[in-house]
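Here's the letter readout for the chains.
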Amino acid sequence: MKKITKKTYLDWYENMLFWRKFEDKLAQVYINQKVRGFLHLYNGQEAVLAGALHAMDLTKDKMITAYRNHVQPIGMGVDPKKVMAELYGKATGTSQGLGGSMHIFSKEHRFYGGHGIVGGQIPLGAGLAFGDKYQGNNAVTLCYMGDGAVRQGSLHETFNMAMLWKLPVVFCCENNGYAMGTSVERAANHTDIWKLGLGYEMPCKPVDGMKPEVVAKEMDEAMERARRGEGPTFLEIRTYRYRGHSMSDAQHYRTKEEVAKKQEEDPIDYVLHQIYDKKWATEAEIKEVNKRVKDLVSECEKFAEESPYPDKSVMYDVVYDQDNYPFLPHKL
Amino acid sequence: MKTIQFREAICEAMSEEMRRDESIYLMGEEVAEYNGAYKASKGMLDEFGAKRVIDTPIAELGFAGIAIGSAMNGNRPIVEYMTFNFSLVGIDQIINNAAKIRQMSGGQFNCPIVFRGPTASAGQLAATHSQAFENWFANTPGLKVVVPSNPADAKGLLKSAIRDNDPVIFMESEQMYGDKGEVPEGEYLIPLGVAEIKRKGTDVTIVSFGKIIKDAYKAAEELAKEGIECEIIDLRTVRPMDHDAILTSVKKTNRLVILEEAWPFGNVATEITYQVQSQAFDYLDAPIVKINTADTPAPYSPELLKEWLPNSDDVVKAVKKVMYRD
Ligand SMILES: Cc1ncc(C[n+]2csc(CCOP(=O)(O)OP(=O)(O)O)c2C)c(N)n1
Ligand SMILES: [Mg+2]
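Residue numbers (UniProt numbering), protein chains in the order written: chain A, 1 to 332; chain B, 1 to 326.
If you are wondering where the hints come from, they were derived from the structure by calculation, not from laboratory data. Being a predicted model, the structure only gives us computed values, none of them experimental. Mixed in with the good hints there might be a few duds.
[What the hints assert, rightly or not] Covered stretches of chain A, going by a simulated chain B footprint (3 or more residues, C-beta under 8 Å): (1) 179 to 187; (2) 191 to 202; (3) 233 to 243.
[Stated by the list, open to error] Computed list of lysine-lysine pairs in DSSO-like fashion (alpha-carbon distance at most 27 Å, straight line): (4) B:LYS317 <-> A:LYS81; (5) A:LYS256 <-> A:LYS107; (6) A:LYS312 <-> B:LYS320; (7) A:LYS302 <-> A:LYS25; (8) B:LYS251 <-> B:LYS225; (9) B:LYS39 <-> A:LYS312; (10) A:LYS312 <-> B:LYS252; (11) B:LYS306 <-> A:LYS25; (12) B:LYS2 <-> B:LYS321; (13) A:LYS256 <-> B:LYS42; (14) B:LYS51 <-> B:LYS39; (15) A:LYS302 <-> A:LYS278; (16) A:LYS302 <-> B:LYS306; (17) B:LYS317 <-> B:LYS306; (18) A:LYS256 <-> B:LYS218; (19) A:LYS312 <-> B:LYS225; (20) B:LYS2 <-> A:LYS312; (21) A:LYS312 <-> B:LYS198; (22) A:LYS34 <-> B:LYS198.
[As the list claims (entries may be wrong)] Chain A is faced by these chain B residues, among others (derived, beta-carbon under 7 Å): (23) ILE54; (24) ILE58; (25) GLN124; (26) ALA224; (27) THR270; (28) THR273; (29) PRO302.
Backbone N, C-alpha and C fix where the C-beta goes; we use that ideal spot for every residue, glycine too.
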């Protein structure tokens, strides 16, 4: 694994803070109805992504996740302005405004979505790995899913085949405690999600998801196992979702105290403490970072705001690869 | 009469039926402790307890099959899909088992089950969350498909669906749950398979169903100002279809517009068109016009979505076209 250095922590701080503020901005513009539909925010889970990205080879590895997917593509290298624009439904968005909040994609940066159907991305992740193995690409796919998604049949069918065929994929359950209003305890007879790997003899373990260096270490081990041709790993990364499931969630299923208690372990605060403890940055330098982050978020908002809506023809142009596909008319 | 929301009508129908028949239970994601993702089962856990109002994990295939199995063994389940988009994960159980158990067993097993939840678009939810599969289910022998458009119909039809001994797909809308409407006091049932004339008229027949029918009402108001009187038929049940109601109206107006929120290829409107041309060809004074969603997955962007969806202006245009007034 790449060494974890002072720079790693400083980058983690800046990136994680940016993701947090990016999501906060989305929540804010959602209230002003600039962004519509569902909006699933990542606040609290940033260390899972930061740690994973450190372990990945960003020149060739792939990532796929569910609908809580705004910041992962940014981590993979996608211009955040384009992600913001997608949420505004603008022509400059990652999918030209077709996909919206739940469906961010970037072929260029090997981010394969953005999937709205719970569990739907799990076989796709294994399929990306199948392609890499088939083509001898020596690349690994990181396939995320939620604690709710692991109860879908798609996970179980996929785990079996991924082990049978030793596919280079890391399955990563982001256990944030809840699937909408259903806690992990209420969804199954057991709460150790990582143990689902055991039935398939897939290497598996629980991971503390609030510390990026812990995630990075476990992720690196799993990714290298996949790269060596030894097949998949299943990690249950324990984290927490600060905000509601989407924007219209009254959160009666948990207490404010529970959320506040979890926020005491905040991953961004944690990284900042490491930085201050080791005297890797002064308060003035951190202030600079905070300002850069704030400016970049504003830049994203401005870009999205000022971008044009897509042309009506795009609705048809992107459906088929075939030129001049004979679509049926739907109105006069 | 009393005025209640659509979601309350659904809740009343389920609760009343569960009070009279112990074998009925409600199962689905977030139906119990969360009171339903759209609060259509509010208070039901409190009244009926966890044995009969059951939260499931996210496992649409598994709980559909479990419910069907229990229906083969004496229960009368109501299964809520958070939206029918997610029924695709469980559709094998619906099509291959619920719809066919009776036929395959030579009539030995009934499958008295209701699958219910919202259908079609609900704002900018994009491609995977904006689909209408009425015609998919209606294409399947063995199933019945009900799509109410107001609280009173929803309540009466859902009670009939729950009492029906055959599997019923009962489709609602996120955008209707908050709609208020008058509902009769006390017990009433509305039979499946019977359409209703929602507006009397002499010039043009408009057939529609589900929440999109509201655009037909709006268009009819507009057109009335120009002296055009539309007759609006609410199918209410898509399968079996009330062809008589449609034919009777078309024979009177001689013109037909169909408004359906679904993709245009082989949809419910297509079936109506076939039936009308084959049984009332000589009565038609103009080609039938159908208005649908665009022949593409639903786009997210607001401007595109507006274009993708049918609306009341489209209905006005279609009516004028069949009247040769365009
Ligand atoms: C097949 C399917 N069923 C239901 C839903 C509705 N739904 C969206 S997110 C969600 C909860 C998923 O929770 P989890 O997997 O823990 O992910 P998290 O939201 O916590 O990131 C549900 C039930 C869906 N989108 N797809
Ligand atoms: Mg979760």
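request  = Given the hint that LYS256 (chain A) pairs with LYS218 (chain B), test it: the Cα-Cα distance must not exceed 27 Å.
outcome  = violated, 45 Å
key: Distance restraint between LYS302 (chain A) and LYS25 (chain A), which requires alpha-carbon spacing of 27 Å or less   = holds, 12 Å
query = Would the hint on PRO302 (chain B) stand, with a C-beta cut-off of 7 Å toward chain A?
reply = It holds, given that the least Cβ distance between PRO302 (chain B) and chain A is near 5 Å, below 7 Å.
inquiry  = Against the 27 Å threshold, does the CA-CA distance of LYS302 (chain A) and LYS278 (chain A) hold or violate the hint?
reply    = violated, 37 Å
request  = Please count how many residues of the stretch 179 to 187 of chain A have a CB within 8 Å of a CB from chain B and say whether that reaches 3.
outcome  = holds (count 6)
message = Restraint: ILE58 (chain B) near chain A, CB-CB cut 7 Å. Satisfied or not?
response = holds, 5 Å
inquiry  = Does LYS225 (chain B) sit within 27 Å of LYS251 (chain B), going by the straight-line distance between their CA atoms?
reply    = holds, 24 Å
Restraint check for LYS312 (chain A) with LYS225 (chain B), where alpha carbons must lie at most 27 Å apart = violated, 32 Å
ask   = Does LYS25 (chain A) lie within 27 Å of LYS306 (chain B) when you go C-alpha to C-alpha?
value = holds, 26 Å
inquiry  = Hint check: LYS312 (chain A) vs LYS252 (chain B), CA-CA at most 27 Å. Holds or violated?
reply    = Roughly 39 Å between the alpha carbons, so the hint for LYS312 (chain A) and LYS252 (chain B) is violated.
inquiry  = Take the shortest C-beta to C-beta distance between ALA224 (chain B) and chain A; is it under 7 Å?
reply    = At about 20 Å, which exceeds the 7 Å cut-off, the nearest Cβ of chain A leaves the hint on ALA224 (chain B) violated.
message = Tell me if the straight-line CA distance from LYS34 (chain A) to LYS198 (chain B) falls inside 27 Å.
response = Roughly 37 Å separates the two Cα atoms, so the pair is violated.
Of the numbered hints stated above, those contradicted by the structure are hints 2, 3, 4, 5, 9, 10, 12, 15, 18, 19, 20, 21, 22, 23, 26, 27 and 28, listed in ascending order.
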